[in-house]
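> In case you want the letters, here they are:
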Amino acid sequence: MLRRASALIAAALLLIGADEPQLVPDVSQREVQIQYSFTGADLLLFGAIVYPGGVRPDKPADIVVVLKGPEQSIQMREKQKVAGIWVNADSARFESAPSFYAMASSLPIAQIVDERTAAIYELGVDKLQLSPSSLNDSAELDRFQAGLVDLRDRAGLFVERQGTVEITDGVLYRARLPLSARVIVGDYTAETFLVQDGRVVAAAVRDITVRKSGFEQFMAVAAEQWPFFYGLTAIALAVSMGWAAGAIARRL
Amino acid sequence: MDLYLPIANLSVNALVIIGLGGLVGLLSGMFGVGGGFLTTPLLIFYGIPPTVAAASAASQVTGASVSGVVTHMARKTVDFRMGGVLIAGGIVGAGMGVFIFRLLQSLGQIDTVIGILYVLMLGGIGGLMAKESIQALIALKTGRKQQARKRRHHPLVAALPMRWRFYRSGLYISPLAPLLLGMATGILTMLLGVGGGFILVPAMLYLLGMTTQSVVGTSLFQILFVTMATTMMHAMTTKAVDLVLAMLLLIGSVTGAQIGTRISMTLRPEYLRILLAAIVLLVAARMALGLGWRPDEIFTIEVR
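Note that the protein sequences, when read in sequence, are chains A and B. Using my numbering, you'd call the opening residue of the first sequence number 69 and step up by one each time. Using my numbering, you'd call the opening residue of the second sequence number 449 and step up by one each time.
It is worth saying that the hints were derived from the structure and are not from the lab. There's no promise every hint is true.
[Said to hold, decoys possible] Facing chain A, from chain B, some residues (calculated, C-beta under 7 Å): (1) L565; (2) T679; (3) V751; (4) R752.
[To be verified] A few chain B residues that face chain A, going by a derived Cβ cut-off under 10 Å, partial list only: (5) L471; (6) G473; (7) V514; (8) V517; (9) G563; (10) M681; (11) H682; (12) L691; (13) M695; (14) A733.
[Said to hold, decoys possible] Which bits of chain A does chain B cover? Going by a derived footprint, with three or more residues having C-beta under 8 Å, they are: (15) 175-181; (16) 189-202; (17) 209-217.
Bear in mind the structure is a predicted one, so any value in this text is a computation, not a measurement. We put the beta carbon where it would ideally sit given N, CA and C, even for glycine.
Construct all of the structure, not just a fragment, from the sequences and the given hints.
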C-alpha cells in the first residue's frame, strides 16, 4: 500500500506540466479471490487529480467512479396474467448487460452532468447501454430495463452511491464500492471520470480480476470438465452419508 | 456462518441450510417420504437458482432414502423384481425429463410448468390424504370398524398384455404398468427434484394393488436409484449440482431422518398422516398463490 502510494505521488509529480487535468487512479485490490468464506468485498477506489501547473481551479471538479463487471448476453422474460395464472408472456434480449455495475460520485449525478453526457459515459443504472437485439418497442425496452435494474439492485449487483466520493483538498479522492457475493468471475474495470463544468475532462481505467480460488475453483472446474466424476462424487457422498447415519443410529 | 456455494455462485448461511435439511429429514423420517417436495421450494425461496435447487435436492433425497432401503431389505419387504421394473421406467423417465426440461426452458415456461405440477400433484395427493386420514380418525373416535378395502388392481392395468409374477407384491400383472408408473415419477424427479414417493406409494396401492407391506420398501428402493440417476443426469447436462449445497443438506437431513424415525414410533399413524397432509396442502397453497395471485418476481433473467 505504501509503495503503491509513493508510486502514485511520483506519477502525479511527473504529470504536472500537462495542459489538461489528469487522473492517477488506483484500487485497493487488483484481484478479488472467491473462497469458501466469501461474502462479498469492499473495494476502495482512490487516487489523485493533477491539475496543469499544479494550480487548482476556483470551481472544484467532480469525480465519478464506475466499477463494471463482465458483460453478458441475456434473455429477460416478463410474467403476465393469462387465463388466471401468471406465465412468462413477453421477452426481450440484450446483448451487453453488465453482470455487475457500481457507481459512486462526489455529487448527485444530475448536478454534475446533463442527461446526454451521463448516457454517453453510462453514468447511472438507468443509463446503461444494453444493446437490445429483439424486436421490442422502446416503451417495452424501458420496462425490461427497469425490471433488470430492480432485480440486480436487490441482488446487490447494481449499486449507485451518489454523493459519496470524498475529495480531500481538491486533489485526493476516495470512494468505497461494495462487491456483492453474487458476482461472477471475470475481468472487471474500475473507471474514474473527472468532470468539470458538465464536461468529462479526464478518464482513467484500472482492471480488477475476480476469480475463484482453491477449493471453489476446483469445484467449478470439476463440474464443468469432469461432469461424470463430479456426479459420481455427489452420489457417493449422498449414499455414504445416508448409510453412515443409519449405521450410527442403530448403535445408539 | 457464511459459506460460499461454488456452483450456485452465492454465499449462504450454512446453519440455515443444515437446519432446512434437518427439518426435511425429520419429516422424511417421520412419514417415510423423501422430502424433496419441500427442499426445492424452500431453497428457491432462500434465493438459490431453481435449477441448482432441483439438481441438489435430488442428491439429498438419495441420502435420506438409503437407511430406509437398508432397513426394508433386512425385513425382506422390497420386491426387487417390481423395483427393477420401476427403476428401468424411472431412468427412461428421467432421460425424457432432461428433454422436457430443455424444451420448456427454451420456451421460457419451465417455472410455470413446475408451479402447476406442484400445485396439482401436492394439492391432489394432500387432499386425498387429508380426506382419508380424517375418515380414519372419525372411525377411531366413534369406534366403528372401517371395512377393509379389497385389494385389487385397476381394470386398465389388468387390460395390459404380457403378465409377470411379482411374488413379494402378490401380483400377476403386466410389467408395462409399473414401467409407465416409473417413467412418470422419473420425469417428476428430473423436473422438480422430488423423489416421487408421493405419487408412487398411492399409485402402487390403488392402481397396481400391491400388498401394503411391500409398498414402502419398494418405493424407497426405486427412489434411491432414480434420484441417483437424476443427480448424474443433472451433473452431465445442466451442470447444476452444487456439492457444497448437497453436503450441507445431507448433514441436516440424514440426522433429521434418524430422529424422525424415532418420533414416528411414538406417535399414532393417524395423526402423523393428517399432519403430513396439512404440510403438503400448505406447500401446494403457497405455490398456487405464486401462480394465481402474485408471482415472487415479474421479471426473470436468463444468461445465454
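> Take the hints in turn and mark each one as holding or not.
Hints versus structure:
| no. | hint | result |
| --- | --- | --- |
| 1 | L565 | violated, 13 Å |
| 2 | T679 | holds, 5 Å |
| 3 | V751 | holds, 5 Å |
| 4 | R752 | holds, 5 Å |
| 5 | L471 | violated, 16 Å |
| 6 | G473 | holds, 9 Å |
| 7 | V514 | holds, 3 Å |
| 8 | V517 | holds, 9 Å |
| 9 | G563 | holds, 8 Å |
| 10 | M681 | holds, 8 Å |
| 11 | H682 | holds, 7 Å |
| 12 | L691 | holds, 6 Å |
| 13 | M695 | holds, 7 Å |
| 14 | A733 | violated, 15 Å |
| 15 | 175-181 | violated (count 0) |
| 16 | 189-202 | violated (count 0) |
| 17 | 209-217 | holds (count 3) |
Of the hints listed earlier, those the structure fails to meet are numbers 1, 5, 14, 15 and 16, in rising order.
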